[in-house]
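Engineer: One-letter residues, chain by chain:
Protein chains: 2
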Amino acid sequence: MLKEERMSMILREINIHNKVLISDLSQKLDVSEDTVRRDLQELANSNQVIKVRGGALSKSYSAYSYHEQDIYAHREKIIIARKAVELLKDGMLVLISGGSTNLEIARLVPPHLKITFLTVSLSTAMQLLEHPNSDTIFLGGQLSKSARISVGGEVIGKLAEVRPDICFIGTNGIDAIAGITESDWEVVTVKKAMIQASGKVVLCTIAEKLNSIQKIKVCDVSQIDLLITELNPLHDTLAPYWNTGVQII
Amino acid sequence: MLKEERMSMILREINIHNKVLISDLSQKLDVSEDTVRRDLQELANSNQVIKVRGGALSKSYSAYSYHEQDIYAHREKIIIARKAVELLKDGMLVLISGGSTNLEIARLVPPHLKITFLTVSLSTAMQLLEHPNSDTIFLGGQLSKSARISVGGEVIGKLAEVRPDICFIGTNGIDAIAGITESDWEVVTVKKAMIQASGKVVLCTIAEKLNSIQKIKVCDVSQIDLLITELNPLHDTLAPYWNTGVQII
DNA sequence: AACAAATTTGCAAATTTTTGCGGTTTTTTG
DNA sequence: CAAAAAACCGCAAAAATTTGCAAATTTGTT
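Sequence order for the protein chains is A and B.
The opening position of the first sequence corresponds to residue 0 in numbering that gives the first Met the number 0, with each subsequent residue numbered one higher.
The opening position of the second sequence corresponds to residue 0 in numbering that gives the first Met the number 0, with each subsequent residue numbered one higher.
Hints are computed from structural coordinates only; laboratory data are not their basis.
Keep in mind it's a predicted model, so treat the numbers as computed, not measured.
Cβ atoms here follow ideal geometry from the backbone N, Cα and C, with glycine treated the same way.
It is possible that some hints are incorrect.
What the hints assert, rightly or not - Chain A is nowhere near these chain B residues, computed Cβ spacing over 12 Å in every case:
| no. | residue |
| --- | --- |
| 1 | D134 |
| 2 | Q213 |
| 3 | T243 |
Claimed, not checked - With a cut-off of at most 30 Å between alpha-carbon atoms, the simulated DSSO-like pairs for lysine-lysine come out as follows:
| no. | chain 1 | residue 1 | chain 2 | residue 2 |
| --- | --- | --- | --- | --- |
| 4 | B | K58 | B | K82 |
| 5 | A | K27 | B | K27 |
| 6 | A | K58 | B | K50 |
| 7 | B | K50 | A | K18 |
| 8 | A | K82 | B | K199 |
| 9 | A | K18 | B | K144 |
What the hints assert, rightly or not - Which stretches of chain B does chain A cover? Using the computed rule of at least three CB atoms under 8 Å from a CB of chain A, they are:
| no. | segment |
| --- | --- |
| 10 | 10-24 |
| 11 | 28-34 |
| 12 | 120-126 |
| 13 | 185-195 |
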């Protein structure tokens, strides 16, 4: 294995877990702990990670995260993202929205895939730029301060011109009867347009959001093709959704 | 086997796998490791691959990329940004490009100002979102991995539809005779359009970049309205620009 | 076709970089 | 304070690169 390859695997590991242990890496990469230590030192020298005793931390974990609220329910979101990236295939046109779950998906896109991503989220776009083989297109427009995505007519217009194979959206509210609901009018408008545009709609959300209702409706559950949570599809919590026509994984 | 034939096979291999080992190639192509090494060196010199010890990596393999989080010449850039934000007035439509100097400007926009910003840079946009009173509009399009800005027809088209009061751009090369020059064709195209669109063009650059020339021309110095560096306008280094018609502060 | 010039290739020796390991020092933790 | 874990140090083996050079190959010209 090339040194740079090894170091990029370390970086990737740090991006995913926000931390690494020297002992883990040594085992996983099949090199001595000293080598891992030297690699981490080098990455720290070039300001790419933060070296700490026993391992290293993601820079974003300490420095950047003044926006991103310390990624709530990170573990669950990783489980969801792992399921989500399974759906990706070479050559796809993929629409991906904002939110921390989608950001996690962007992090976990397998490096070898060649995909064209469309996004409206600044942080998702930044993450996707790290991917070696994929193109990213940002659908521009007025930026929403709260959601940190572009909203308004400009985006809606663009969304009417594309036909993505698949679309990943998150949500703050989903209920078997009330459907998908949000609290921000502009965000709802964009999500509606995203759902309208896409061949297959995937909703990714932690189980906590199940059975919660917000003020503005995005769509019915039946308009979602696939629902991804961190739970087993047969878990009781998901029972209300078993007969809504949506596939659950 | 012809040399060019061999080198194109190497390139293909790199494009498929994102990396190659000299030992592998030597065996597969039935030439000595030295020959492969020289080939890779040549491909690296012409900027087609990234040479590393033991093999080479695809250029797009950004994992080992050095996106400098720590800002080079930060002190100087703050001086420049302080001068730049003096130009901002309530109600302006301001176009602002990427680069660390412009990011610094975005940081230092006085909180009370009500401004509408247009930008093509992800990091600048993120910074501008922190501003309490200003709106930010992102001009979307295909994102350039290296420059981390949107490029291509989509952006150029949008730029033709707006008429900002003022535009802040940075550069890697400025020379009194050669003009403003850059090394990335896509970036040059966007900057040209930005200059074309704007009422007043402000170039912000650290003195180190003065009198350096890159490969592709953006415009003549005379097309710039205002040049901002960290130096006193009467400093010797700026002498070549005194009679170019550009105002210096 | 022949031949000289220029380029390319392979080889071996010298050099540099990387890596693992044992011993020592420093830091953490109870 | 003492035991354990991690980091540091120096060294030697292994791997990769550089360099000089001669042989082989390609190119251009008559």
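Engineer: State for each hint whether it applies.
Structural biologist: So, going through the hints one by one against the coordinates:
{"no.": "1", "hint": "D134", "result": "violated, 7 Å"}
{"no.": "2", "hint": "Q213", "result": "holds, 23 Å"}
{"no.": "3", "hint": "T243", "result": "holds, 34 Å"}
{"no.": "4", "hint": "K58(B) - K82(B)", "result": "violated, 37 Å"}
{"no.": "5", "hint": "K27(A) - K27(B)", "result": "holds, 29 Å"}
{"no.": "6", "hint": "K58(A) - K50(B)", "result": "holds, 27 Å"}
{"no.": "7", "hint": "K50(B) - K18(A)", "result": "holds, 29 Å"}
{"no.": "8", "hint": "K82(A) - K199(B)", "result": "violated, 50 Å"}
{"no.": "9", "hint": "K18(A) - K144(B)", "result": "holds, 25 Å"}
{"no.": "10", "hint": "10-24", "result": "holds (count 3)"}
{"no.": "11", "hint": "28-34", "result": "violated (count 0)"}
{"no.": "12", "hint": "120-126", "result": "holds (count 4)"}
{"no.": "13", "hint": "185-195", "result": "violated (count 0)"}
Violated hints, listed in ascending order, are 1, 4, 8, 11 and 13; each of the other numbered hints is respected by the structure.
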